[in-house]
Each structure stands twice: as C-alpha cells, then as structure tokens.
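Enquirer: Produce the entire structure from the sequences given, and follow the hints as far as they go.
Residue numbers (this note's numbering), protein chains in the order written: chain A, 1 to 344; chain B, 1 to 344; chain C, 1 to 344; chain D, 1 to 344.
If you are wondering where the hints come from, they were derived from the structure by calculation, not from laboratory data.
Only a predicted model underlies this, so the values are computations on that prediction, with no experimental measurement involved.
Be aware that a few hints might be false.
[Claimed, not checked] Under the rule of at most 27 Å between Cα atoms (straight-line distance), these lysine-lysine pairs were calculated in the DSS-like manner:
{"hint": "1", "chain 1": "A", "residue 1": "K134", "chain 2": "C", "residue 2": "K143"}
{"hint": "2", "chain 1": "D", "residue 1": "K336", "chain 2": "C", "residue 2": "K143"}
{"hint": "3", "chain 1": "A", "residue 1": "K284", "chain 2": "D", "residue 2": "K134"}
{"hint": "4", "chain 1": "D", "residue 1": "K336", "chain 2": "D", "residue 2": "K204"}
Residues per chain, in single letters:
4 protein chains.
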Amino acid sequence: MKKTVLGVIGAGNVGCVHIGNIMTAIPQAKLKCVADPYPAKYNEWAREMEYPEAVTDYKKIMEDPEIEAVVICAPAAAHGDLIMEAARAGKHVFCEKPFDYDIAKIVKAMKVVEECKVKLQLGFNRRFDHNFAKAHEYVKAGKVGDVHVIKITSRDPFPPAMGYFTAPGGEHCSIYTDTTIHDFDMARYLNNCEVVEVYAMGSKLINKDKPEITRDDTCVITMRFEDNSLAVIDNSWEAVYGYDQRAEVFGTKGAVTVENDIFSQATLNAREGIIAEKPLVTIKDRYGAAYAEEVRQFVLAIQNDTPTLATGMDGLMSIVIADAARKSAEENRPVKICELMPKL
Amino acid sequence: MKKTVLGVIGAGNVGCVHIGNIMTAIPQAKLKCVADPYPAKYNEWAREMEYPEAVTDYKKIMEDPEIEAVVICAPAAAHGDLIMEAARAGKHVFCEKPFDYDIAKIVKAMKVVEECKVKLQLGFNRRFDHNFAKAHEYVKAGKVGDVHVIKITSRDPFPPAMGYFTAPGGEHCSIYTDTTIHDFDMARYLNNCEVVEVYAMGSKLINKDKPEITRDDTCVITMRFEDNSLAVIDNSWEAVYGYDQRAEVFGTKGAVTVENDIFSQATLNAREGIIAEKPLVTIKDRYGAAYAEEVRQFVLAIQNDTPTLATGMDGLMSIVIADAARKSAEENRPVKICELMPKL
Amino acid sequence: MKKTVLGVIGAGNVGCVHIGNIMTAIPQAKLKCVADPYPAKYNEWAREMEYPEAVTDYKKIMEDPEIEAVVICAPAAAHGDLIMEAARAGKHVFCEKPFDYDIAKIVKAMKVVEECKVKLQLGFNRRFDHNFAKAHEYVKAGKVGDVHVIKITSRDPFPPAMGYFTAPGGEHCSIYTDTTIHDFDMARYLNNCEVVEVYAMGSKLINKDKPEITRDDTCVITMRFEDNSLAVIDNSWEAVYGYDQRAEVFGTKGAVTVENDIFSQATLNAREGIIAEKPLVTIKDRYGAAYAEEVRQFVLAIQNDTPTLATGMDGLMSIVIADAARKSAEENRPVKICELMPKL
Amino acid sequence: MKKTVLGVIGAGNVGCVHIGNIMTAIPQAKLKCVADPYPAKYNEWAREMEYPEAVTDYKKIMEDPEIEAVVICAPAAAHGDLIMEAARAGKHVFCEKPFDYDIAKIVKAMKVVEECKVKLQLGFNRRFDHNFAKAHEYVKAGKVGDVHVIKITSRDPFPPAMGYFTAPGGEHCSIYTDTTIHDFDMARYLNNCEVVEVYAMGSKLINKDKPEITRDDTCVITMRFEDNSLAVIDNSWEAVYGYDQRAEVFGTKGAVTVENDIFSQATLNAREGIIAEKPLVTIKDRYGAAYAEEVRQFVLAIQNDTPTLATGMDGLMSIVIADAARKSAEENRPVKICELMPKL
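Expert: Rendered as structure tokens:
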C-alpha cells in the first residue's frame, strides 16, 4: 500500500487526535514528524504510545523533502501564514478550521496554494461524519427533491473555558466564528448552494450571571440562499444531555433528518419511562471517526490527484458568513454576504 | 352529569368537527342549536348522523335563553362582532382562531367580554393536544430548567386551495397570520413569557412556478422573548410525508422534544431499510382529540367558574405577533412587538 | 345511515366498554337494551351518561323482535348457551372471548349458529387494533414473504386480583387460557395457518412468595404451524412499565415489528438519559379503539352480509391451543393439537 | 505503556480481525508472530499493511519465550489440544469459540489450564459489545430487579456457505452448536444463573427446496434456569434486512432491551414512510469493536492478574447447552442439562 508521508504542526488537543488517527487508523499515511513549540505534555503521551516525539521547530517539517503533506493544527491566527509557507515548500496542506481570522490573508493564501499547485483541505470534519455524509448523499441523490429549508442544531456539552476568551486571539472568538462556523459549512454542503443573506439573534443566557463574559452563548441564525431556499441554525454552548448534533434537509420530495449518535442501543423500560442513552458527550467519541476519515480522504486526494472535499473556498465562505452573522447580531439587522465578501 | 347547553355558529369544516365532538365525545355538553347561512350540505350529514339540523339565522342562538355558551366557527372577519353580540346576550364564548383580523375590534371585544362577565376561550387547540400539553407540563414542572430556546416546526400536508386567497378576506391571508399563528401561540404557551421582537424570512418556493400567487409559502421566524430567551419557527405549506408538527424546548436542565404522531407502531424491516409509518396527514386525525378536549375544558371552565386555558389576551398576542412577522418579512428587518401593540 | 339495533347482555367492565362505544363511537349501531342480573352499579353510570338502564332478565333481549344482534359479555361459562339461545331467536351474535371453556359445547354452538344462519363474531379485539391490523396487512400484502417465525410478547400491567381464581369458574383460569388466548389467536391471524404442536414452559415468579397461588404467572410457549413455521409467545402478569403488547412476523423478505403505543411523543432529554413515555397502562387506553372497531365491523358484516373477521372456528382453535399449552406445561412435553381437537 | 507480547495461531477470517486489532487498536498488546499452515493469502495482506508475515509452524509460537500469550483461531476441533499445549508452554490463552466439540477434551483442557496457572479466555466477544455489555450492566446494577424472562434474537444476514457442512468437522455443525452457542452464553451472562433444561423446536425453512441440506436453519429454543426464570432464543440463518442482534431482560423492576446498531442516524421522511437505515450487515461492522475489546480485556487480565471475563467454564457450559438443544430438537422433548453434563 502506498503510504503518504505526513508532518503535523501543533500537538494540542486536535493535533493529538490527528496523530493518533494517522498512527492507527489510516493505513495510507505515515507520520514522520510532529512539531510543537511546547512539546513536553505531548512527548510524554507519545513515548507511552510509541509515537514520534515532537521537535520544537516546525521548519524541520517544511524543510524535509520526504514529507509530502502537512497537517496544520496551530492556533488559527497562524493558519494563513503556515499554509503559504507549506505550499511554497511544495507540500500539500490539511488545515484545521477556521482558515484564518484575516480574510485578506485567506485570499492571499488561496492564491499561493493555486500557484504552487498543491492540495488544500480545510478541517470540516463533519462533512466526513457517517450521519451528515449520509444526509448529503440522500440530498445529492435527489431523495428530498428541491431543497426548501435546512435546519441545524448544534449544542456543545460544555461551555468553553474562560481562558478561551482571554488567550491571544480571544478577541476574535465568538459563538458565530468558532461554533457556528461548522454549521455554516454544513448548510452550504447540504444545500450545495451559496448563502446571500444572514440574520442572527443571540443572547447571553448560560453566562447571564457572569458580568465578565459579554459574548452571546446562545443564538439562532437565519440564512437565505441564492435560490431563495432558507436555513436556520441554533447553537448553545451547554446542553446537559450531551453533544447535540442534529440536522434536517426539507424539500419537495420529503426530508432527511439526522439524529444524535448514542453509545448503546440498550434501553431501560422502567416505571418512570423508557430511558435511552443520551447523545455521546465528547468530540472524540462523536467525531473521532470523522477526524480519521477526513485525513484519509485528504491522503487519497493526494495519491489520486483528485480535488479535496473541503476546499479553500469552503474555508473562506464559512468565515465570511460567520463575520456576517456576528455583524448581524451586533447591529440587529440582516446582513448581505456581499457586504463582506472580498474580491477574488 | 351536568350538561352545559351549547349553540354552534358556522357549520363548515371546523364547525362540523366541533359538532361531532359535542354529540359524541363531550358528555358534559349538550348541543341545542346549529346556525349556518348555507346549511344544505351540513344538514344532509346531520340527518345521516341524527344530529340537530341547522337554522339559517344565528340570532336564534343568541336569543335562546337555554343556550349557555356559543361556539363560533364563522369566518374570521366576523369573529369580533359575534363575540360581542354573544357576550352581551350573556353567553360564554368559544371562538375559533384567529380572534379577528382587526386589532382595534379585538381590544373592544375583550372589554365587552370583561364587562359582561362571560368566559372567552380562543380555539388554540394545540394547547390541548396530548403531545404539546405534555411538553408544557414538563416545562412547567421545571424539567428543562430555565428556557433558552424554543423550536417549532409546522408543515401542512397540502398547500391551501387557490380559493383561499381570492375569497372575501383573502387579502388578509398569509402564512404568518393563518399557519404560524398557531405556532406563535404555542411558543408563548411553552415559554410562559411574552415576545418582544420578531424577524421573519420567507420565500415562495412551493408555488415558484405560479406567478399568480405572490405570497410566501415557506418561512423561518426568529423571536426574542422578554427574558432574552429565543424561539424559532419554520413553516411550510406542503410536506409530502404528512402533517409535520414538532416542537422542542431547550433549557438549563435539558430539553423536551415533541415528535410526530403516527397511525401505527408497525414497522417494516426490509432490504431497503426500516420503514415506519409517516406522520398522520389530516387535521382530524392529528388534532381530532385536541378539538374535543379544548371544548370539554371550555365547558368545565364554565361549570367550575375557572379561567379558560386560551384567553382573549392569548388571541390578541398571537395576531399582533403575526402582523409583526408579516411586516418583518415585507420590510426585511426585525420588528419590535411594541410597534404594533395596541393600548389596553 | 342504517342503524343496526343491538342488545348487550352483561354490563360488567367489558360490557360497559362496548356500551359506551355503541352509544358514542359507532354511528351504524343503536343500543336498545342492556341486561344484567345485578345492574345497580351499571345503572348509576348509565343515568349519569344518559344511556339505557339495564333490565335484569336477559330474555327481554332475546324476545325483542326489533333487536337484530346481541353482544354477549356474560361470564365465559355461559357463553355457549347464550350464543345458542340468541341464534335460535334469529339474532346475530357478538361474543366476548373465550368462546366457552367446554369444547363440546363450542362445537354444538357452532352448529346451531350455522343452522340458524346468523353471524357469529368472537371478541378478538386485537385483530382490529391499529397496530396488529397493520402488521397483518403487511403480511397479507406479501411484504415479509413466506413467514418463518412469529413472536408475540404480551405482558399485563398488573396481575389479576386474587378473586379471579376463587370466583366460580376460577378453576378454569390459567395464564394459558385467559391471557395467552389472545396471543394464540393473534399468531393464527398473523400467520394465516394452523398450529399443529405446542410446548409451554411456565413458572410462578411474580407470586413466588404466595403459597396459596399455585398457577404459573410467567410463560414461554413455542408452537409449530402446519407449514413448519414457528411461533413463540411470552407472557407475564406484571410489567411495571405498562401494558406490553408487541409482535413480530419474520419471513423471507423481511420482518414487521409492532411496538407499544405510548401516550405522547414528548420526550425528555436529561442528564440521566433520553426519557420517552412508557406504554399505555390500561386496557381501555390501549385497546379502546379496537373494542369500538370490532363491533363496528360486526355491524357492517350484518349490514353487508359479509363474513365476520373473527369466526366461531377462530374461537374454537384458540381454546384448543390454550388447553394444549396448559397440558404441555403440566406434563412438560410438547403436545400435538390433534390430541385435543374435537371432531367437527 | 506495558505491552504484552502475543502470537496468533490461525490467520483466517477471524484471525485477521484479531491481528488487525492488535496492530492498531490495542496499545497494550504487541504482535510478535502469526502462524498458519497455508499463509499465502494472509501474507499478501500482511505485506500490504506492514504487519508480521506468518510462519507455517505454530510451534514457533509455542517455543518463543518472549511470547506471553497466544490467540487461537484454528479450526474448532483443534482448540482443546492447542490450549493444552500453550498452557504447558506457560502461555496465557485466548481461544475462539467453541471451546472444542469434544466435551471430555474440554474438561481435560480446563484442568491443564488450572494446573499450569495460566489465564484462559474464550472468544465470547458479545460480552464485550457496547450494547450487550450495557444491558448486562443494567441487570447487574439491579435496574430490572429479579430476572423473569430473557429473550434473544439472533439472525444472520446470510446463510452459511454449503462448504461449511461438507468441510472436515462439518458433521458437528448445526445451528445450535454454531449460531446459538453465542446466545446460550449471552443468556447465562445476562442472567448470571445456570440453565437446567432446554427445549428446541427447529425447522428447515430457508433451505426447504434444497434436499441435500437436512439441517435446521430456523429455531426457537426455550430454557429454564436454576431459579425458574425462563429464556427464549430465536435464530435464523438469513435476515434480508441485516444482521439482527437483539436481546431483552425482563424482571420485577422493568426490562432492558437491546436494539440493533445502524450505520447512521440519517432518516428519510418520504411519501412511502419514514425510512431509517437497516442494521449493520457484516460481523466486522457489527462486532469489530467487541473483537478488539475482548482481546484488550484479556491483555489487561494478564497484566493485572485478574480473572478473565469469559472463562473455560463459560466455554464448557455453552457447548453442553448446545448439545442439549440439538438433542432436544432431534428427539422433540425437553432435555435436562444434567443428562449431558460431565463430571468436573
């Protein structure tokens, strides 16, 4: 089996998920090098697992001619620059979402990637999830007919830690740009159509007794697509019953609904009711397989020279829509995408 | 068993549902008189069923001292006037939704009802539906904690007939005032809180190839409540898989979801998949029991002198929100309820 | 609408269910007379509901030429004699299950019914239940192909009262003849094939600490049909989570499964799990509509002169199988139906 | 992380599942050697995956002092001898089910294992399945109270190939000893109680038009436990809608039910009904994770010197019950376990 040689930049939480997958679940890939500026915690785990220990200088990856592709799991503000550097080094790039917070830099990076003729895939792992991929397949096969309404519910099991807002780049963070961004991508993916207008209504409800937090933690976002079909997304940063990840595509021939995954199909029939398991709680349990599948598909796209399934343009559009949603919530008015869309 | 004597004004589709229920499913009520200006079709059915035939003049009901309460199923534009007339005749009133299209008249009717010390109940039958009532019970019992988000999906099995728009009063008709009005009431009922702002995004999708129809047939409506909790409603006039009536209340302790009723629990396990029955299709199948229960509760409120469970204020608020939603869709901006709220 | 005139013999629990249905839910029927030897309790309810009060002498029904059909809800030991008397009086007969405990009398009654050319329908109401009827429809339409295995689970919400065993005729009572008898009929109905052999394994588990009760309260019964397809029934007299009424027909093209009815589709998503409502608990909630439908179909069979949908033969076979099952449990061996089958 | 060194004997279908798991999904284990007398097909795959190639002589494993434990995936008739040889070589043993067809040899092997003080675990992977393990956990935690009835449905997606019966040892093969054996173990595991009597009713239905096949392909088996609780198992060799693997434990406090796993939670709502995915079809999809988990638990039992979770006694009992079931089907009578139970 041909094995594509990978390097991973950034060995934090998501980085470790990718590293574990490459080591065990993607026979088409081989991990040669991991880079992280503060590798101590990672290295302890890596020794335990007999995985490669990390170097501190990511340039080791950029300069290694044997490495064909890099997986970027660094902080979001560094994504654009790292993508350009990797592309110029002739390496294919898989980059975690968001593409970057700086839209001008995103546009520039897209050009560099094109010029350097390397593949770029953004980390929209939900496109590779068994549930959402199946819904997409039904839509694509025409099972729901013309799409009229898309609905997405995405609720995190736990609110982000405080440090999330005070960390460098925390001023960029919002429920729209960090949570809903996955849902903006999913809406575009399921509908195969571009968004033209967004209206967001947000509230601070979970944190209403914490004056130091001013950001919305709950929101409902309505969108209009080019063909006048509609979408609605609702988000919350805390669902006590688990990680709530549902979607629905409704159209002229019917609807496809995506319900939550649960740990087991064992159900208790008791005096109090019929008690099924609640949705999976952690990202790893819920999307572990999707994280592996997206990198496997990235490697296959390299090996077969086919387009990636989550492109730079997908990365750009999701952040533009997210910015529009944030603006809409701040100004309490519908915002047209063209207000924020850069020239390409 | 004490039996409250009723008269029914209007023997159209909904009138016949109420008449059938009073005759067979509400032992606490007795039907004395039915009035309808064009009773031929009704009378044929009534003779078949051995039910009272209709008089053409509804004044017969107003003037009959034995009749304690009237059930108004006349066209919406006549509701306010009929309510006032009945109240002045000392009769309790059950009136189908909407209260009226004329908000000034609604306010006047509410005052007359109050002065005449009669009961008034609006026909928000979904409050009496087994599914929605159970959800309400869970919320009231604190099972979902503080409410953060309410979601309602309401899709009709078939679009309204053309004549619906061209009939007298048809210019008042819209998806917001005729379909969503139930959902506006349900959102208030489930949240037990008042709406302060509405944003509606609508589209003409089902009828996109019929230029003679200009109204929205699909919409997504976002609302903010006084306590900053949010609601979202999506409507469509045509769901090929049945009458889609779902809701969800999400809060700090969990969520309650309402799924569709189905005709049977027989499921086919076949090569093509696991095929369950689709949602009930007709209003009578889906809400037949709720129609009976609302009138039974109305009669009990009279017999026990307790408040009705869908008041004049509920009728007023639902139409004010509906007008705000229509205005929002027309002007593409969030509309505050106070812009349209009458002085009381 | 043509109305068939009925008399009801026996105004106990089941009798009242039928009486209420005839009065409110079966427009094709008219109740003229009720007979019960101890009518005090019934009459109190009947006055409240404005239903006909009961006479004490059932002969009033037999002798009334206007009464076209009788509904027999008397104790089981009297069924055979009452059926013959009604048939000889020229009345169609609907009789509650079991047909009778005395097989020779059943055979005799079947002959009298045939000679008198009246309709006879046995009270196997589950054949008219929305769930089981739908399963039957799937099987009949060939959706499961050739039937291989039938499975029925039938668990009562509460064990029978002690008096059940000590009442006259209580010595006939057993889980096999009183509970499973419905399931024997259902197995024959779903498979459209005759049973040839039965093996029953029973236990006293619910009542294991009550030495005065010696009967099995839990059992598993296996059956072979003429075509070598198999069936298995499991019964219990106490399921704390409600009235558990499920079935499954498995064959070459798939399977149809019948799950329990629940009161509402409102589900609580909580920290402890996803909690749906438990199955309906009472016979009236679970099978109320089926009780109405079976009598409605009986009346239609009379009006249209078509065969009834639960015949005397169905009544005979179910009691023969029940006796075979009881014998099997007592002797711990498979029992062939031909050992107990009477000559016809 | 401590890594236990393993050798695998037998690189057929199941062997390859274990090998893949040890290489990728069990970080606590290391695969040193694979042995198979006809390794060509395996070696091709192993080279592709960069896994160890196979030696032809399994003695290489027995004699390697570094190998701490063997995983036996050889034909069933060789199990007992291989277990004894491995135990005498001081190696812990994981052995696929069935333990052996020869009960005397099983008893002997149990003694050798005991004398040699090695661990023995039988391959009852379903005990480690997320669904069945959760059901077991509920029962153990007392959630269903005293167990009254256990029900297991186990239907294969495809019938076994013809060669299955004509291969050496094929005369031992039957639905009871090869399919139901898993269910016999599951019934004992869920109930934590011993079986005392078995009655099996079997039919040849799938293969009814193939005279050359004489074995039952469909069966229903009833069992009585020591405490008089009951169990029923139904098996079929062909379910067109997938691999049907369900169970239910019913008791004084309620019931726990295990439904099938499905590939995705995407459901199509269409004119024809609500279509969910069918159960997973292949053993690898359905039980892949359980195969990994059982070996992981075996390795942990070695590392922590704790008892294995599927013992030699479990292996013995399942084959004794299977023999009793086969005898019962052949002689059409209930068979007591003590008729076949060896002296220990």
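Enquirer: Are the hints correct? Go through all of them and say.
Expert: Now for the hints, and whether the structure bears them out:
{"no.": "1", "hint": "A:K134 x C:K143", "verdict": "26 Å, holds"}
{"no.": "2", "hint": "D:K336 x C:K143", "verdict": "39 Å, violated"}
{"no.": "3", "hint": "A:K284 x D:K134", "verdict": "20 Å, holds"}
{"no.": "4", "hint": "D:K336 x D:K204", "verdict": "24 Å, holds"}
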